[in-house]
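Engineer: Now for the letters of each chain:
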Amino acid sequence: MSTLDQTEAPEHLAEVTETAAEPAGTEAATDPQNAEVPSVASLLAAASQTEEVSRLTRIRGIASYVGHRLLDIILVLWAAATLSFVALQLIPGNPLDKMLSGMQEATPEIRAQIAAHYGLDQPIIVQYLTYLGGVLRGDFGISYQRASPVTEVILSEIRPTAELTGWAILVAIVVSVLLALATSGRRRGARAFAQGFELIAVSVPSFWLGIILMTVFSFTLQWVPAFGTDGPGSLVLPVITLALPLIGVITQVLRERMEHVLHEPFVTTIRARGLGENRLRSRHVLRHASLPALTLTSVIFGSLLSGTAIIETLFARPGLGRVAVVAIQDRDYPVVLGFVVFAALVFIIINTIVDLLYPLLDPRLRGGHS
Amino acid sequence: MTTTTSAAAADALVSVRDLTITFGSHIAVSELSFDLTPGRCVALVGESGSGKSVSARALLGLVGPGSRVDAAELRLGTHDLRALTAAQWRNVRGREVGLVLQDALVSLDPLNTIGSEVAESLRLHTGLAKKPAAEIVHGLLSRVGIRDPEERAAQYPHQLSGGLRQRALIASAVAAGPRVLIADEPTTALDVTVQAQVLELLAELKREGTALLLVSHDLAVVSELADEIIVLRAGAVIERGTPAEILHNPQADYTKQLLDAVPSAHTRGERLSPLPPAVFTRQRTETPAAEPKTGPILEARNLVKSYPVARGRRTTVLHDVSFTLERGKTLGIVGESGSGKSTAAAIALGLTPADSGEVVLDGEAWSTLREKDRRARRRSIQTISQDPLGSFDPRSNVRTLLGEALGTVGVPRGERDDQAVALLEQVGLSAVHLGRHPLELSGGQRQRIAIAQALSTGPDVIVCDEPVSALDVSIQAQVLDLLRDLQEQLHVSLLFISHDLGVVRHVAHDVAVMQHGRIVEFGETGTVFDAPQHPYTRDLIAAIPTISSPSLTI
Chain A
0 MSTLDQTEAP EHLAEVTETA AEPAGTEAAT DPQNAEVPSV ASLLAAASQT
50 EEVSRLTRIR GIASYVGHRL LDIILVLWAA ATLSFVALQL IPGNPLDKML
100 SGMQEATPEI RAQIAAHYGL DQPIIVQYLT YLGGVLRGDF GISYQRASPV
150 TEVILSEIRP TAELTGWAIL VAIVVSVLLA LATSGRRRGA RAFAQGFELI
200 AVSVPSFWLG IILMTVFSFT LQWVPAFGTD GPGSLVLPVI TLALPLIGVI
250 TQVLRERMEH VLHEPFVTTI RARGLGENRL RSRHVLRHAS LPALTLTSVI
300 FGSLLSGTAI IETLFARPGL GRVAVVAIQD RDYPVVLGFV VFAALVFIII
350 NTIVDLLYPL LDPRLRGGHS
Chain B
0 MTTTTSAAAA DALVSVRDLT ITFGSHIAVS ELSFDLTPGR CVALVGESGS
50 GKSVSARALL GLVGPGSRVD AAELRLGTHD LRALTAAQWR NVRGREVGLV
100 LQDALVSLDP LNTIGSEVAE SLRLHTGLAK KPAAEIVHGL LSRVGIRDPE
150 ERAAQYPHQL SGGLRQRALI ASAVAAGPRV LIADEPTTAL DVTVQAQVLE
200 LLAELKREGT ALLLVSHDLA VVSELADEII VLRAGAVIER GTPAEILHNP
250 QADYTKQLLD AVPSAHTRGE RLSPLPPAVF TRQRTETPAA EPKTGPILEA
300 RNLVKSYPVA RGRRTTVLHD VSFTLERGKT LGIVGESGSG KSTAAAIALG
350 LTPADSGEVV LDGEAWSTLR EKDRRARRRS IQTISQDPLG SFDPRSNVRT
400 LLGEALGTVG VPRGERDDQA VALLEQVGLS AVHLGRHPLE LSGGQRQRIA
450 IAQALSTGPD VIVCDEPVSA LDVSIQAQVL DLLRDLQEQL HVSLLFISHD
500 LGVVRHVAHD VAVMQHGRIV EFGETGTVFD APQHPYTRDL IAAIPTISSP
550 SLTI
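Chains as they are written, first to last, in numbering that gives the first Met the number 0: chain A, 0 to 369; chain B, 0 to 553.
These are calculated hints, taken from the structure and not from any lab test. It is possible that part of the hints are untrue.
[Stated by the list, open to error] DEER-style ranges, computed between Cβ atoms:
(1) A:GLU255 / B:HIS25: 26 to 36 Å
(2) B:ASN90 / A:PRO264: 19 to 29 Å
(3) B:HIS25 / A:PRO264: 19 to 29 Å
(4) A:VAL75 / B:GLU357: 38 to 48 Å
(5) B:ASP69 / A:PRO231: 53 to 63 Å
(6) B:THR187 / A:PRO291: 27 to 37 Å
(7) B:PRO64 / A:PRO291: 22 to 32 Å
(8) B:THR187 / A:ILE61: 40 to 50 Å
(9) A:HIS259 / B:PRO411: 39 to 49 Å
(10) B:ASP217 / A:GLY165: 51 to 61 Å
(11) A:ILE348 / B:PRO411: 51 to 61 Å
(12) B:LYS255 / A:PRO264: 29 to 39 Å
(13) B:GLU370 / A:PRO291: 30 to 40 Å
All residues carry an ideal CB built from backbone N, CA and C; glycine is no exception.
Kindly produce the complete structure, drawing on both the sequences and the hints.
Structural biologist: Structure follows, in structure tokens:
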């Protein structure tokens, strides 16, 4: 919502600056000595006044931005919690059956007692409202299976997931940028080779890639461990497995954009300055291409942070993905709900960061000042 | 070759002999020769596809992929440009030859401040550190006439007016002190008063000793700066000489045709193109009203329009704008960019609501109606835009473009092709074009399709928003003739919006001059142009580049 406002503003703004700035140009062309000069004092007064006004509007702008964002966060979290609550009600299977499946003599009394303990005997609407009330206080309930608070379960699993996805994204970005810089609008051979590589990287299933990497680098060469979380070495293979398809996608987007930008007139201006092809790409063209790449990367990052179940399972790593899968299998509702709300929160935070980055990358998206 | 060029050859900075550029089997330029000397300007003039830009880029080694450049001589200073390595080229570009393109909004990196754009070429060739470079940049900016250079240097192209942007672009081209400057359509996207300022700046650089190669489609612009004009057509030199020779005593038929095609005061009521007049038949079949209506066909009354800018602030783009379009006449609306002329057109078309005021069409309420009530009468007011490529769906062909328009006025499916062909023939095209897609048509053909589409509903009014500004002068002449023919035969009224005063003077019966959202002058065309009352109108008229420079007036 707020991004929309920001992108719309500069166009109109440009008109205002157009009319405001033109007289300066007109005067400059005629004799500056003869131009009518307003008194210095009045100019200073006007300047400080507009400065004051612009600072005020900026503060007001920031305040309304924060306000809108908070409202967005609350609405999205509420919607996520509610939708997943409804969805869980619709999934066949009763959590009580799962909980009691290990017990030999689950009498109806015990069953009722446990149901009462978790509030499962209440009408759905009461359960829902109790749940929402808890969420408001930051309490997501107790895991049915692990008997520990949901917040603890999720927090304990964030670290390995964040470690894995953080490194994977970093590797993907660095490699993609280098690849795009080296191949955009260049010699046919290198470009075709890179494109072939990207196609393979995108289309190879990650579990298969993981198995191949493990076979080669762990079992045969024994360079790095295949499983677990022991030391940085154990991260290498999962990070590569996760990063490779991302490199494929991000490079494709970057190069497509860069080659589009390379046809813009300003590229001719820059070449006519004597700037080399490498610096032309790294200093100018890459920045233009980074906006769509940023959007794409942020979406990928968000979905990775909320779990990479296949990779985690394959490399026997702990992490949110596995927690979520197990919780759904076990009808561990509080963990599932907590996980969904957490994932929504991650997306909101990443989106906000990206929204704040756009105007840094592209000054035309800066609304406030001229 | 004239005596001036051979005399100049001795101290030439740039010598070009028999330059031939080919792209595969296509010959873009053949056997072009010229010299550039300090303090003089050579102009390459021609329409699109004439090879003028490509020739200029050969001096920068930027002709483009797939090209082949041959020349008996291609020399810049002491460099033989035919044999430079990539690294040597980088050393020549910017340092010994600079390039200014059209429209700095897209010709400067929009993500960089103008200061850093100017600093880039400076630091690249001088190796200066950031700080001392910044001071020189401020000096350069003020040298090209930008006031408050410190403040401006920190601004981005989109924050500056067209004139300031173009000055910054010129500053970036001359930053490393090249002795040769190539200006490729340097004023083409600019308003007429800004254009005059930029031309003056280029003249100043020339006086200071820069050798200038000017590339333009506009003979009038060129005549103010050039010492020698070379007229190109399809890569071949048609004619060359001093401005006086070319403009007042052209030898080649093509040059004469180009000059005749320029609309101005003298051309009113005359045909601009050598093509025969078109024949139109009215599209609408319904019987005319028993009593033909009188009074103006379109009337704008006290239009006010504002848009929100930033949070809470609004900018007013139309202040109390009123005008009348008489039946069967043409009303020209002139003004510079941002003057509000396109907003006025959008309100007239009923596409944008006005904040207050109203537009009356054929004596009945129009802009104040609900869209539902307007739709039945939409057929009577049509539009032609500057760039039909942008307003046509690129995936549909001419048959669907015209068929859809004919469908809206109830032409049965089976008759649409026949009617479409009839329309095409009226605008000088034929049935062959039915299957073409917009991208397969030339600019002039697209504009003819746009006119055919507008005519398909049998309109009373056509709103033409800069209908010829994207066209070459000879094509512009044909389209203007076509509009005149259709007006004479169909009595269609035209609301003609343009920034080009020459065009408006040629076509319009009445003129409204707009500035900052106000109509500052309104009247009969001859009166407004011959005896302008408002100072702004006088500025505009004075800024029009004219073919006859003062020393040459007879």
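Engineer: Now look at each hint and say whether the structure bears it out.
Structural biologist: Results of checking the hints against the structure:
no., hint, result
1, A:GLU255 / B:HIS25: 26 to 36 Å, "28 Å, holds"
2, B:ASN90 / A:PRO264: 19 to 29 Å, "23 Å, holds"
3, B:HIS25 / A:PRO264: 19 to 29 Å, "22 Å, holds"
4, A:VAL75 / B:GLU357: 38 to 48 Å, "44 Å, holds"
5, B:ASP69 / A:PRO231: 53 to 63 Å, "60 Å, holds"
6, B:THR187 / A:PRO291: 27 to 37 Å, "30 Å, holds"
7, B:PRO64 / A:PRO291: 22 to 32 Å, "25 Å, holds"
8, B:THR187 / A:ILE61: 40 to 50 Å, "41 Å, holds"
9, A:HIS259 / B:PRO411: 39 to 49 Å, "44 Å, holds"
10, B:ASP217 / A:GLY165: 51 to 61 Å, "57 Å, holds"
11, A:ILE348 / B:PRO411: 51 to 61 Å, "59 Å, holds"
12, B:LYS255 / A:PRO264: 29 to 39 Å, "33 Å, holds"
13, B:GLU370 / A:PRO291: 30 to 40 Å, "35 Å, holds"
Every hint from the earlier list agrees with this structure, and none is contradicted.
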